[in-house]
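Enquirer: Residues per chain, in single letters:
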Amino acid sequence: MASTDGRVDILMVEDNPNDEELTLHELRKYHLANTIQVVRDGQEALEYIFCTGRYADRDVNEHPNVILLDIKLPFVDGLEVLRRIKQDPRTRTIPVVMLTSSREERDLIESYRLGVNSYIVKPVDFDQFKESAKTLGMYWLLFNRPPKAA
Amino acid sequence: MLPRPVLWGVTSASVVGILQVASTVAFVAIAGLTIRDWLVTKALSQMYLALAVGSLAAVSLLGQVGKLLGPGFTAVSAYFTIVIFLASGLALLLFRDSVIPLIPRTRRLVLGGVALTALFLIGLQVVYGRNAPKPLQFAALVAFIVVWSGCVGEPSIRLWLSARGRSAVQRARMRALSLGYLGIVAILLAAVFTASLAKEPAVQIGLALASIAIVPLLYAGFAAPVWLRRAWRQGEESKFQQATHDIVMFSTDHAVLARRALEWAVRLTGTDSGFFDSGTSILAAQGVTLDDAEHIKSLVGPGAANRTVPLGGKPPRTAIVVRLPGSEASIVLVGGPFTPVFGSDEQVWIQQYASLVATGLERVRLVEQVTARTRELESANRELEAFSYTISHDLRAPLRAINGFTSILLEEYAANLPDDARGYLQRVKDNGTHMGNLVDDLLAFSRLGRQAVRTQTVKTRDVVDHALDQLASETEGRTIEIVIGELPECNGDPLLLEQVFTNLLSNAIKYSGKRENARIEVGTQPGRAGEGPVFFVRDNGAGFDMQYADKLFGVFQRLHRSQDYEGTGVGLAIVHRIIERHGGRIWAEARVDQGATFYFTLKGAQEWQVQTAA
Numbered sequence: 001m002a003s004t005d006g007r008v009d010i011l012m013v014e015d016n017p018n019d020e021e022l023t024l025h026e027l028r029k030y031h032l033a034n035t036i037q038v039v040r041d042g043q044e045a046l047e048y049i050f051c052t053g054r055y056a057d058r059d060v061n062e063h064p065n066v067i068l069l070d071i072k073l074p075f076v077d078g079l080e081v082l083r084r085i086k087q088d089p090r091t092r093t094i095p096v097v098m099l100t101s102s103r104e105e106r107d108l109i110e111s112y113r114l115g116v117n118s119y120i121v122k123p124v125d126f127d128q129f130k131e132s133a134k135t136l137g138m139y140w141l142l143f144n145r146p147p148k149a150a
Numbered sequence: 001m002l003p004r005p006v007l008w009g010v011t012s013a014s015v016v017g018i019l020q021v022a023s024t025v026a027f028v029a030i031a032g033l034t035i036r037d038w039l040v041t042k043a044l045s046q047m048y049l050a051l052a053v054g055s056l057a058a059v060s061l062l063g064q065v066g067k068l069l070g071p072g073f074t075a076v077s078a079y080f081t082i083v084i085f086l087a088s089g090l091a092l093l094l095f096r097d098s099v100i101p102l103i104p105r106t107r108r109l110v111l112g113g114v115a116l117t118a119l120f121l122i123g124l125q126v127v128y129g130r131n132a133p134k135p136l137q138f139a140a141l142v143a144f145i146v147v148w149s150g151c152v153g154e155p156s157i158r159l160w161l162s163a164r165g166r167s168a169v170q171r172a173r174m175r176a177l178s179l180g181y182l183g184i185v186a187i188l189l190a191a192v193f194t195a196s197l198a199k200e201p202a203v204q205i206g207l208a209l210a211s212i213a214i215v216p217l218l219y220a221g222f223a224a225p226v227w228l229r230r231a232w233r234q235g236e237e238s239k240f241q242q243a244t245h246d247i248v249m250f251s252t253d254h255a256v257l258a259r260r261a262l263e264w265a266v267r268l269t270g271t272d273s274g275f276f277d278s279g280t281s282i283l284a285a286q287g288v289t290l291d292d293a294e295h296i297k298s299l300v301g302p303g304a305a306n307r308t309v310p311l312g313g314k315p316p317r318t319a320i321v322v323r324l325p326g327s328e329a330s331i332v333l334v335g336g337p338f339t340p341v342f343g344s345d346e347q348v349w350i351q352q353y354a355s356l357v358a359t360g361l362e363r364v365r366l367v368e369q370v371t372a373r374t375r376e377l378e379s380a381n382r383e384l385e386a387f388s389y390t391i392s393h394d395l396r397a398p399l400r401a402i403n404g405f406t407s408i409l410l411e412e413y414a415a416n417l418p419d420d421a422r423g424y425l426q427r428v429k430d431n432g433t434h435m436g437n438l439v440d441d442l443l444a445f446s447r448l449g450r451q452a453v454r455t456q457t458v459k460t461r462d463v464v465d466h467a468l469d470q471l472a473s474e475t476e477g478r479t480i481e482i483v484i485g486e487l488p489e490c491n492g493d494p495l496l497l498e499q500v501f502t503n504l505l506s507n508a509i510k511y512s513g514k515r516e517n518a519r520i521e522v523g524t525q526p527g528r529a530g531e532g533p534v535f536f537v538r539d540n541g542a543g544f545d546m547q548y549a550d551k552l553f554g555v556f557q558r559l560h561r562s563q564d565y566e567g568t569g570v571g572l573a574i575v576h577r578i579i580e581r582h583g584g585r586i587w588a589e590a591r592v593d594q595g596a597t598f599y600f601t602l603k604g605a606q607e608w609q610v611q612t613a614a
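Heads up: the sequence lines are chains A and B, in that order. As numbered in the working numbering, residues 1 to 150 make up the first sequence, in order. As numbered in the working numbering, residues 1 to 614 make up the second sequence, in order.
Here chain B stands alone, though its shape is the one from the complex (with noise of 0.2 Å):
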């Protein structure tokens, strides 16, 4: 509906006609430019963007197509021009409803006056052609401006205002639409006000460049390239790496992250307020109180998709719904009548902070769950030290009563008991004893499991040497053979490796006790890779079934029946517990009454090679 170009001079009439056509062109570029975005995206928001531009486009190019085809042709172009041009304006606010949806009682009264003024505009055209009465005209040319305008203009000023607080793309983005929009605006209205002076080449000039002038708006409002793009996120880059940097490392448990996240998502995307919701239960709030975001959150439902929801209330708000993959959790953004426009880009943006936010949480449940299994873990410690305190000091009391008594009695009594009363005595006190051995066995044993590991560099040989000594005793009256051969030095506890070779030379000794030549030797031999030399004891005693090797280091577990060797069976199972603790592996060799051979390798016995080579 551009003014017809009227002959002023030669050279006017062509500036005009040249920028008309130029600015035809640019429409249709642009239009071009959105279509492929559409047909890229597929979004709904921006087929409609598509169908504002193009529609503008189409209007523009039928004005150039009317010039050349004269009078005949505007007659019938104009009913589609009417159609059209209303249908530009429809579109861009229902992009606008696709990405801040209306009220649905605004959409509907929208729809309907669009509608009616439509009807109205065709049905003149249809009735009168060119000549309605003028108060008609008048009425039909207020419809349309009235509803075009509001179209076009609630949607321009809704850019503008929510392009505040946005990410750089966003608002440069948003205004330049906004402005673009808001100028379409300004030279239709310009247009009808300067109808008189429509004849002026000046006039026809200045309407023309300004709707040039329009055109880089539009198109960097619309199809920003990427180098443009890039230069205005230049400045928010740096902010979003320090949000994640900040919640995914220095968040401690799910309060602090869920406050951090939404404080930053808020901030990034330029609303209001928002919430962050567990799945179970509200995390953090920011801007809204937690009733009000249980609220919130029953209005938006459940379900797995990040959407848009609006919440209608005076002023209206909308929730934007961003899901944290991979768990039930989600940020709700709650945005004020001035909610910002979610573009394809913003969109990516938000997608990947949830992801990073995500991976926050999963840190933080596994951080959690680490913290509350040591906390159990500790209180079970404590709990079996408390058992081990109390079987030390409980359990032997009674025991030192039976023994104690049963030994005045033998001692003090013996003369006035019958023989086989003393036998018995001398039982009760036997077990007695045993059961003693067994309780500080057990108490050695449990006392493993927490006693910390003190690694150093060992003396193999003395160790060995100091464990014959304390076995002394055991040896006495006994011919028996003790080889010790090649023992290198190893990383181990002095202590514990001393209570092993304590324990399989005590073992040896006694299951070789009914050997003439009884043999035992001591030594080591080259293990597999990485593991350091297999240090061994063997013995040419009673030996073992090796079907039943796998009882050997259990607790309790005894191979030999008690009248034939004493023990309590806690010996190898504490020597299992120190080759284990020390992350080395042990294992035996044997044939009934050919001797067992017990090895083992320690963890340590690596870093001893590389010792010795220095």
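The following block holds chain A by itself, in its conformation from the complex (with noise of 0.2 Å):
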């Protein structure tokens, strides 16, 4: 789902299908989803963000405009995703929306405290859904400005 010159708007790490499927939908609606790359775990993610194993020919400095990531994830879970991103000096400036179930206090806080720049309780009320799809999608591709990539 790539654009032609390799670039990538969102990369959506995200192992349930349905929940995949549902937010495409919604992005699809305001032509948002064209350069969506989808992973399904926390390891893939690191090794698409770092450039290593399965996209070992990637350019590190080609930073997808925002990472939607959720927290629970085989391999390697969200939280420690997020904080390998945040830690390393040439994705620090990637924006990461952390888009999850868990309502839990502690991992908002844990979120925060690694870094992210945004922290979404995934609703069960669709109508809910779709409306954070799309100001989410809206804002951080449409409005947000982040730095030239380092």
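Don't read these hints as lab results, they were simulated from the structure. Fair warning: there could be bad hints in the mix.
As the list claims (entries may be wrong) - Straight line, CA to CA, 20 Å or less: simulated EDC-like cross-link-like pairs of lysine to aspartate or glutamate: (1) K429/B with D125/A; (2) K429/B with E131/A; (3) K134/A with E521/B; (4) K72/A with E580/B; (5) K130/A with E411/B; (6) K130/A with E110/A; (7) K72/A with D440/B; (8) K29/A with E411/B; (9) K429/B with D41/A; (10) K134/A with E411/B; (11) K72/A with D394/B; (12) K130/A with E516/B; (13) K29/A with E412/B; (14) K551/B with E521/B; (15) K130/A with D430/B; (16) K72/A with E383/B; (17) K134/A with E20/A; (18) K459/B with E521/B.
Taking the hints as your guide, dock the two standalone chains into a single complex.
Expert: In structure tokens:
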């Protein structure tokens, strides 16, 4: 789903295919889904972001505009992925949005402590879900201006 | 068998006579004191002591009577004198045996020896009277001295040596006793070896003075008065206090307590070593290996009584078992050849000590129990947290999928669906939403259990206003008269209190939904003493049947059918838990179709009164 020049607008880290489909469905409505890269677990996310393993030929300085990150992920969990992104000077500036089912206070606090840019609880109610997906896409892709990659 | 006085001069004869009478009187007096002690305590060891001193007094008395009645009496009394004198030695040894058991073989040997000697001496007297052949007389004398000195000398030396490391009182008494008896042995030996000079008044006076000098020693040993014992004990008191303080206050677990209790028991009793037996296992050992401790434990056997058990071996050892009252545990002290004598004084002391150690043991048991329970609770709490985390995350995901895809179907494919299919899909979606609410409410409820209550002074009126603001969407399009009465400040967690008012008001709004003139009242009324004001929320809605009132605050309990009034049945359970966690109480009054009133109090209400008074 990456655009022809290899640029990716959104990196979505999501292991639940239902949530993936619903999110994509909404983003597509607003034509925001053309350049979404989906990875299914924390390990693959790290490989993609740091250009190792399966994504060894990618350029680490090619940043997505935003990373949508679930907390509960196979292999490496979302908080660990977040920590690694925010620790590395090359990737620190990429906006990361936690998009998660967890309503736990400690997950929220830990995410902000690690430097997350936004924390969104996926609503069960679909109308609310649509609203957040739309706002999310609009804000991070259209309004937000990330710094140039280091 | 004191030498007969012979005239030298009037003065010296009367001096010797007076001294001998004085020594007899003193012996009889001490005998009286020991016999009284025995009658008071009824202890076997005291009986032997009474016998030992009483027989010495009897020998002395017989000597005096003999002087008055002349040689005829002396010839007869000689039999008694021999027997009584031997009995005195034997009694002292048996006293020692009753507190420091002799090895059975030794005991048999001694008893046999004493009996043989007595028979030999009496036989000699019966057969030859005073005219036995010289070699036989000499043999009899040697046998007598050896047996008697052995009987008396061994306990005396033992007492002296085992006084080491004892409590001050015991030490002083034992040394006095030991010196007293050694003195008697010395006088006897001196009397025999100076037999040729027996008629010299100087020798007689010396011996009489020596026997009088022994009296205070025996007095101190056998019947030490309270003032003397107090003086001896003074230095010990602080030591004992320190020991008990250490043990009861600063022992964190069984092992530490056992080690300290044992250490001090050994120090206070002056034994060599010992171990602490919990009843099932050996918690601490000092001076003995664990294997040895197990071995000794099997030798002393089970039993609830304090006791002294000879262990045999080379050198022979003795175990003193001190039971800790109210538990299976005991402290077993092991002594070597010089095991201390346990007098009644020390028995009381060690008993007191055992009670204190038992108290410490109980305290430690409670501390350990609390620690274990806390650990269990913490682990249960962690499990619960993990559980609700799972619910939070995993249960919501499928619901989101159900809602999401039905919504997409309803919105984007509605045109292709027959009407009833759309209706069914709507039901799927509604149920999904309802279940989502259930999960959220349940989570909120479970979170309440572990959330800390942060109490502060709360402006109740502000909290109620805020709660009503939150409920604005529920009152939209309805005419409700909301009356807010006097609401004093209270002490509580503002967020939790807002939750209470939000839930109660939301119920009031919901259940008065079918009233045209809905009226909701919030206010206070006086409560019971010490309880502060009673807050209430009243409505004129559907009410409920009071016979189901006990189900009101249970989770998922509902008193209305869901097609009449929507809800998850968690709201009042949350309210109940919040009030409970504040230390207050909650109840309700209602009648079907007449409305309901919910009352609650907060623990902090009383403090509020104090604050306003100040």
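Enquirer: Determine for every hint whether it applies to the structure shown.
Expert: Here's how the hints hold up against the structure:
1. Restraint check for K429/B and D125/A: the C-alpha separation of about 9 Å stays at or below 20 Å, so the hint holds.
2. This hinted pair checks out: K429/B and E131/A have alpha carbons roughly 17 Å apart, not beyond 20 Å.
3. A threshold of 20 Å between alpha carbons decides the hint, and for K134/A with E521/B the separation of about 42 Å lies outside it, so the pair is violated.
4. A threshold of 20 Å between alpha carbons decides the hint, and for K72/A with E580/B the separation of about 35 Å lies outside it, so the pair is violated.
5. Taking the CA atoms of K130/A and E411/B, the gap is about 12 Å. The hint holds against a cut of 20 Å.
6. Distance restraint check for K130/A and E110/A: the Cα-Cα separation of roughly 26 Å exceeds the 20 Å cut-off, and the hinted pair is therefore not satisfied.
7. For the suggested pair K72/A and D440/B, the alpha carbons sit about 19 Å apart, so the restraint of at most 20 Å is met.
8. With a C-alpha separation of about 13 Å, the suggested pair K29/A and E411/B falls inside the 20 Å cut-off, and the hint holds.
9. Between K429/B and D41/A, the direct Cα distance comes to roughly 29 Å. Violation of the 20 Å bound is thereby established for this hinted pair.
10. Between K134/A and E411/B the alpha-carbon distance is near 16 Å, which keeps this suggested pair within the 20 Å criterion.
11. Of the supplied pair hints, the one linking K72/A and D394/B holds, its CA atoms being roughly 9 Å apart against a limit of 20 Å.
12. Straight-line distance between C-alpha atoms of K130/A and E516/B comes to about 37 Å, which puts the hinted pair past the 20 Å bound.
13. For a cut-off of 20 Å, the pair hint linking K29/A to E412/B stands: about 11 Å separates their Cα positions.
14. Using a Cα cut-off of 20 Å, the hinted pair K551/B and E521/B is violated, with the two alpha carbons roughly 24 Å apart.
15. Straight-line distance between C-alpha atoms of K130/A and D430/B comes to about 17 Å, which keeps the hinted pair within the 20 Å bound.
16. At most 20 Å may separate the alpha-carbon atoms for a hinted pair to count; K72/A and E383/B meet this at roughly 18 Å.
17. Pair hint K134/A plus E20/A holds up; C-alpha atoms about 14 Å apart against a cutoff of 20 Å.
18. Between K459/B and E521/B, the direct Cα distance comes to roughly 18 Å. Compliance with the 20 Å bound is thereby established for this hinted pair.
Going down the numbered hints, you'll see the structure goes against 3, 4, 6, 9, 12, 14, while the others check out.
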